[in-house]
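Chains as they are written, first to last, in my numbering: chain A, 1 to 510; chain B, 1001 to 1343.
Just so you know, not all the hints are guaranteed correct.
To be verified - Each pair of labels, with its calculated beta carbon distance range:
1. Trp1155/B with Arg330/A: 30 to 36 Å
2. Asp317/A with Trp1155/B: 46 to 52 Å
3. Ala401/A with Gly1322/B: 38 to 44 Å
4. Gln1307/B with Arg275/A: 56 to 62 Å
5. Ile1194/B with Glu386/A: 58 to 64 Å
6. Val1139/B with Arg332/A: 26 to 32 Å
7. Pro78/A with Gly1159/B: 35 to 41 Å
8. Arg275/A with Ile1194/B: 49 to 55 Å
9. Ile1201/B with Ala79/A: 47 to 53 Å
10. Arg330/A with Gly1135/B: 18 to 24 Å
11. Ala1039/B with Asp347/A: 52 to 58 Å
Said to hold, decoys possible - Listed below are several chain B residues computed to face chain A (Cβ distance under 10 Å; list not exhaustive):
12. Arg1051
13. Ile1052
14. Phe1209
15. Gly1213
16. Val1229
17. Gly1230
18. Ile1231
19. Asp1232
To be verified - Counterexamples of contact, computed for chain B against chain A with all Cβ distances above 12 Å:
20. Ile1194
21. Leu1218
22. Met1325
Just so you know, the hints here were simulated from the structure itself, not pulled from any lab data.
Backbone N, C-alpha and C define an ideal beta-carbon position, used for all residues, glycine too.
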Amino acid sequence: MSAPASRTRIGARAIVRRFGPVIANDGIDFAAAPGTIHAIVGGNGAGKSTLMRILQGVDRPDDGSVILDDREVRLTAPADAFARGIGMVHQEFMLVDELTLLENLILAREPVHAGGVIDRRKALAEAERVAAMAGVTLDWQMRVADAPVHIRQILEILRLLYRGADVLILDEPTAVLAPAQVRELIGLMRRLKAEGRTILFISHKLDEVMNAADAITVIRRGRAIATVVPGETSKAKLSEMMVGEPIELPLVHPAAPHAGVPVLAIDTLVAHDGRGLPRLGPITLNLYPGEIVGIAGVAGNGQDELAAAAAGLGQIDAGSIRMDGRDITRARTGSFRDLGIAYLSADRAGDGLCLAASIRDNFIAGSEHAPPFSQSGLLRLRAIREGARRALDTLSVRYGAMGDPAKSLSGGNQQRVAIAREFERKPRVLIAAQPTRGVDIAGIAFIHRQIVAFRDAGGAVLLISEELDEILSLSDRIVGLYGGRITGELDRSGASVERVGRLMLGEKAA
Amino acid sequence: MIRAALANLAAAALPFVLALAIGAIVLAVTGHDPISVYALMASEAFGGTRRIAATLTATTPLLLTGLATAIAFRAGVFNVGIEGCFYLGGLAAATLGFWLVGWPAIAIIPVALLAGALIGGAWMVAPATLKVRLGVDEVVTTLMLNFIAINLTSWLVNGPLLARGSANSATPAIEKAAELPRLLPPSTLHLGFIISLALVILYGFWDRFTVTGFRSRLVGLNARFCRAVGIDVPSLLFRMMILSGLIGGLAGAIHALGLVHRFVAGFSPGYGFTGIAVALLGRNSALGMILAALVFGALASSGATIQLFSDVPIEIVEVLQGTVMIFAVAKLGLLLRDRRGLA
């Protein structure tokens, strides 16, 4: 920080990174001045994460280079980037739950007495020093498992300070925070900036970016579209740059008012997440044939658990799920599917697809035991080949060969394979979680049309999305989810960005 | 398609080539001529019908222990308990082989083989249940069960099942009718080789053309995904572990009826563990495992005689075996790929 001021503390020059057929970064340029908060905004799949991985030395560009202190550098490993003062806080925190905040802080850089015993007193003094520097106070003896999420995030930032980082890359740091905590975080960022540190603030929340950043670089489809100053732009202009041309919204006909019995009825359901923490409920929600119900909420407010429960994958504590009036709360996932519930997972690489398996195998997975794909336990390879070709063509999936692994496809085409697989089962209910995450604009419009066509044919859709535009343009009803509970419901006609936004933030619909 | 097959073959051959290179260094350092030693080994393993028969005899148990391991591995279960199943299957088959006096071959052989397979499968019920119900790591349980199986069988042949008047820890010899027929007398090659080969080939078909084969491969690649598309993952893992144990038990039974003709303490020189290397080296594919089992079989059969004809100690063969195993486990393909990234 005492070094002669450079014009660019960290930046990129024409960085290109390809993954098979997918171009994640297509010649990205940007430059962050020292002692500033530089925001990088862009939609999901725009190429932000790849760029950050490159800046952090985890990944290497195919072409172009990273700029540090006005010079081109070649980062060979994260340790290399770290030695040059660059540290990153990932969306998924890298903390050891069983250890205390203090232990996590000093992990891998423990102050020791002679003989290798940890010097606790010195560790605590160091911890207090970085905390004071950042203007925060923490209970250092608390275990991370017991710490609320914003404390964990502050701890991650302090850990970078403890290790001497002066460029902090924060990847969507506000995604998991409540509004008051967001303000707190932005205050912390400003204090760090005042000390001369440089912050790269990755986000797609334009309010926060406009509020906190000194400069904003917009990334779209792997390119840096523009770098602007908040005072000279507006949220509308930014979002226009992020999206490119205005999205052509699929024509949504107002659905017929729900008649008769719900096809899927969720009643006072309570569920927990994979770590056993209560996340959802109690929640009551009915889904009728021929409607799209949009679930609006900030990530981490129970959407994942709701989607999992509705798809037969949930960890349910109480309440019930009924399909056509039949209780399936404790039924196996296979029964959910056999009754006509289809699922597009938000975690495409995790349980949405098997990326290592072939496109064909992904297409028949879950239907491999029944005609036409098999008979008496034997696969019918020809029927599989023909069925897959027909279904993939219907969805205009662009693939090389059907035996290629699914990971060779672009994000949009991967999702089309998942849709092809789910629609092949002729479902009556579709659970669509973040259906267009990581999909390009053309793909988004296509997927939206598929969802609407499914609805028009009498299907019921539970649409869970963090994209407000998506929720607003597709949903017949919009339900807000906050802290695992429903905050309110809006009709299509009564919905607006502001009103849905309030629902997402836990304020009751007025 | 052909290019991919060649690449696979090269990837599978690479560990063996590297092992030969390291073995050559060891030989040269200890004052031997690597080329002449390797030539001697090759002729000991494949030079003439009798030598080939000996190699195939040595290959037989490895085909099945490799197969047993691969069935678990491809479903993502790291079952290292085949050694134990091999002991138990061998003991069960040998015991029935000398108990069922007067039974015709057509009855006694199937019954004894079936018993061996069943006890191997039953041996896996506990670790499979623990894994599926409680999430207990199968590596620990199956590895520990090996020691129990080895010591349990050792105790049995030193006590209740000890052959009368025998000083060794061995059961009585099995009935003549229980012995698997020899294929090429006077060599020891027996019907078990054909059975084992047939089962591995059958596995190849199962792998490609059956619903269960498809499912277990997919579960091995991504179990979470399989759960989400409605496949009953715990049940599948359970069945694959039992099947793996059945084959492991059968391997021991065939070894007892085909070659040893009784059960003795120290029944297996680590066939179950070599099976792990066979499965890894063969990438769980039928053809790959047949080749890998042949490699280890050839090393074993040539190693046995090589020290008779040269001053090369048998340990060099063990060095070679160990090196092949190490390189088989290492993902050499990754190494090649990484170098591109670092350039």
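Consistency of the hints with the structure:
1. Trp1155/B with Arg330/A: 30 to 36 Å: 46 Å, violated
2. Asp317/A with Trp1155/B: 46 to 52 Å: 49 Å, holds
3. Ala401/A with Gly1322/B: 38 to 44 Å: 40 Å, holds
4. Gln1307/B with Arg275/A: 56 to 62 Å: Since the Cβ atoms of Gln1307/B and Arg275/A sit about 58 Å apart, the hinted range of 56 to 62 Å holds.
5. Ile1194/B with Glu386/A: 58 to 64 Å: Given a distance of about 38 Å, which is not inside 58 to 64 Å, the answer is violated.
6. Val1139/B with Arg332/A: 26 to 32 Å: Holds: the Cβ-Cβ distance is about 28 Å, inside 26 to 32 Å.
7. Pro78/A with Gly1159/B: 35 to 41 Å: With a Cβ separation near 60 Å, Pro78/A and Gly1159/B fall outside 35 to 41 Å, so the hint is violated.
8. Arg275/A with Ile1194/B: 49 to 55 Å: Holds: the Cβ-Cβ distance is about 53 Å, inside 49 to 55 Å.
9. Ile1201/B with Ala79/A: 47 to 53 Å: For Ala79/A against Ile1201/B, whose Cβ atoms are near 50 Å apart, the range 47 to 53 Å holds.
10. Arg330/A with Gly1135/B: 18 to 24 Å: Given a distance of about 20 Å, which is inside 18 to 24 Å, the answer is holds.
11. Ala1039/B with Asp347/A: 52 to 58 Å: Since the Cβ atoms of Ala1039/B and Asp347/A sit about 56 Å apart, the hinted range of 52 to 58 Å holds.
12. Arg1051: 40 Å, violated
13. Ile1052: Nearest chain A Cβ about 36 Å off; hint violated.
14. Phe1209: At about 5 Å, which falls below the 10 Å cut-off, the nearest Cβ of chain A leaves the hint on Phe1209/B intact, so it holds.
15. Gly1213: Holds, about 8 Å.
16. Val1229: 3 Å, holds
17. Gly1230: Holds, about 4 Å.
18. Ile1231: Hint on Ile1231/B: holds, closest Cβ of chain A at ~7 Å, below 10 Å.
19. Asp1232: 6 Å, holds
20. Ile1194: The claim stands: Ile1194/B keeps its Cβ more than 12 Å from every Cβ of chain A (closest is about 25 Å).
21. Leu1218: For Leu1218/B, whose nearest Cβ neighbour in chain A is about 6 Å away, the distance does not exceed 12 Å, so it is violated.
22. Met1325: Given a closest Cβ separation of 25 Å, the condition holds.
Hint check: violations occur at hints 1, 5, 7, 12, 13 and 21; the rest are consistent with the structure.
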